[in-house]
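Take a look at the letters that make up each chain.
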Amino acid sequence: KAGVTQTPRYLIKTRGQQVTLSCSPISGHRSVSWYQQTPGQGLQFLFEYFSETQRNKGNFPGRFSGRQFSNSRSEMNVSTLELGDSALYLCASRRESGKLYNEQFFGPGTRLTVL
Amino acid sequence: AQSVSQHNHHVILSEAASLELGCNYSYGGTVNLFWYVQYPGQHLQLLLKYFSGDPLVKGIKGFEAEFIKSKFSFNLRKPSVQWSDTAEYFCAVTPMNRDDKIIFGKGTRLHILP
Chain F
1 KAGVTQTPRY LIKTRGQQVT LSCSPISGHR SVSWYQQTPG QGLQFLFEYF
51 SETQRNKGNF PGRFSGRQFS NSRSEMNVST LELGDSALYL CASRRESGKL
101 YNEQFFGPGT RLTVL
Chain Y
1 AQSVSQHNHH VILSEAASLE LGCNYSYGGT VNLFWYVQYP GQHLQLLLKY
51 FSGDPLVKGI KGFEAEFIKS KFSFNLRKPS VQWSDTAEYF CAVTPMNRDD
101 KIIFGKGTRL HILP
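Chains as they are written, first to last, in our numbering: chain F, 1 to 115; chain Y, 1 to 114.
Note that these hints are calculated values from the structure, not bench results.
Check before you lean on any hint, since a few could be wrong.
[Unchecked claim] Stretches of chain Y that chain F covers, calculated by requiring three or more beta carbons in the stretch to come under 8 angstroms of a beta carbon on chain F:
(1) 54-68
(2) 101-112
[Unchecked claim] Result set (DSS-like, lysine-lysine): computed pairs, CA atoms no more than 27 angstroms apart in a straight line:
(3) 101/Y x 58/Y
(4) 49/Y x 101/Y
(5) 57/F x 58/Y
(6) 69/Y x 58/Y
(7) 106/Y x 58/Y
(8) 61/Y x 71/Y
(9) 57/F x 101/Y
(10) 57/F x 13/F
(11) 49/Y x 57/F
[Said to hold, decoys possible] To give a feel for the contact side, a few chain F residues facing chain Y, derived at Cβ under 7 angstroms:
(12) 42
(13) 43
(14) 52
(15) 56
(16) 106
(17) 108
Given the structure is predicted, the values throughout are model-derived calculations rather than measurements.
For each residue, glycine too, the CB sits at the ideal point set by N, CA and C.
One chain only, chain Y, in its complex shape (with noise of 0.2 angstroms):
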C-alpha cells in the first residue's frame, strides 16, 4: 500500500540550529510532494511543493525541500531556525495515478527552544 514515513516524531533544537526532517514514500510513479506546517492553534498550511522541474524547492519562512527520486525522499531543511518555526510538520504525497488520493505522514513536532 502507498504510505509516506517520516522519522522524526519529535525534534527538540535550539534557535539558530540546522534543521532536516526527513520524509519517505512509497510509490513507483510519478508523485506530486507536499509539505503542510500547523503552528500552535492555526490552520494546516502550505509550507511547499513540488510538481515537476527542478528538484529542489523553495517554500515559504526559508524553508526548502529536495526531492530525490531514487530515494523516495523529500527532506525538508532550514539553514537557521527560529523560535517561532515551532510547529507540526507533515509531509504529503499525491501519486499521480487514477486514485489521485493525497497520503500524510504522521507529522513531526518541532520545538524550538529560545
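The following block holds chain F by itself, in its conformation from the complex (with noise of 0.2 angstroms):
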C-alpha cells in the first residue's frame, strides 16, 4: 500500500508570495491532518479534514488555508508568505475521524525556506 505523499518536496519563496502544498493520503484514509514542524517548536498542528470539511483547526493566522478534494487529497495554501514561515510541513492521514481514533500515517514532508 502506498504511503502519504507530499509534492513537491523543497520550496523556496520570497517574503509576500503564496504557496501551494498537495498531499496524498493513504488510499482508504479519509482524515487529513497539517502540521507545521520547526526547531524548538515540534509540531504544530494546523488544521484537520474530514470528508472535504474542515473539522479541527489550530491556532494560526487567516493566511494558513486548506482544502480538501473528494478523492481525499487535500492541498494547504499560505498566502503573503513571512520569514517565519519557513518549516517543515507534514501531512497525515488516518482512516477515520471520530470517537474510534485510528493511527496517524504521516507524508516525507515539504520543506519551505522564505528568504
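Work from the hints to combine the two standalone chains into their complex.
Now the structure itself:
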C-alpha cells in the first residue's frame, strides 16, 4: 500500500508570495491533518479535514488555509509568506476521524524556505 | 488548554545506557497516547500507542512506555540504547472528546554516542 505522499518536497519562496502544498493520503484514509514542524517548537497542528470539511483548526493566522477534495487529497495554502513560515510542513492521514481513533501515518513533508 | 510536555529537549547517552524520556499531558478525561520517532532524514513513524487495557505497552525496536493515569504521564523507556536510536522522539495525546484533536509535545532529540 502506498504511503502518504507530499509534493513538492522542497520549495523556496520570497516574502509576500503565496504557496500551495499538496498531500495525497493513503488509499481509504478520509482524514488528512497538516502540521508545521520547526526546531524547538515540535509539531504544531494547523488543521484537519475529513470528508471535504475542516474538522479541527489550530492557532494559526488566516493566511494559512486548506481544503480537501472528494478523493481525500488535500492542499494547504499559505498567502503573504513571512520569514517565520520557513518550516517543514507535514501531512498525516488516518482512516477515519471520530471517537475511534486510528493511527496517523505521516508523509515525508515539504521543506519550505522563505527568503 | 490541553498540552503535552516533554521535559527533556536534548538527551545524550552512550550505547548500552538505559533510556527514559518523560511525557506529561494536561487533560482530565480519557486519552489515547502515542510516541512517534523521526530518524534523521526519515518520516515520522509510530513507535507505540496506548488505547486501553494494560498500561505498560511495548513498541518496536525494544521500546516500551507506561501510562500512569494518576500522574498524567506516559514515559518512554528502553533498557539498552543503540547508536541507531539517535532520533527525535515525540509524545502525542488525543483527548477522547468531540474535538478529537491530536496534540504533540515539542520533541526530545536523542543522541547516542557510539
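Evaluated hints:
no. : hint         : verdict
1   : 54-68        : violated (count 0)
2   : 101-112      : holds (count 7)
3   : 101/Y x 58/Y : 24 angstroms, holds
4   : 49/Y x 101/Y : 16 angstroms, holds
5   : 57/F x 58/Y  : 32 angstroms, violated
6   : 69/Y x 58/Y  : 17 angstroms, holds
7   : 106/Y x 58/Y : 22 angstroms, holds
8   : 61/Y x 71/Y  : 26 angstroms, holds
9   : 57/F x 101/Y : 9 angstroms, holds
10  : 57/F x 13/F  : 25 angstroms, holds
11  : 49/Y x 57/F  : 24 angstroms, holds
12  : 42           : 4 angstroms, holds
13  : 43           : 4 angstroms, holds
14  : 52           : 17 angstroms, violated
15  : 56           : 5 angstroms, holds
16  : 106          : 4 angstroms, holds
17  : 108          : 5 angstroms, holds
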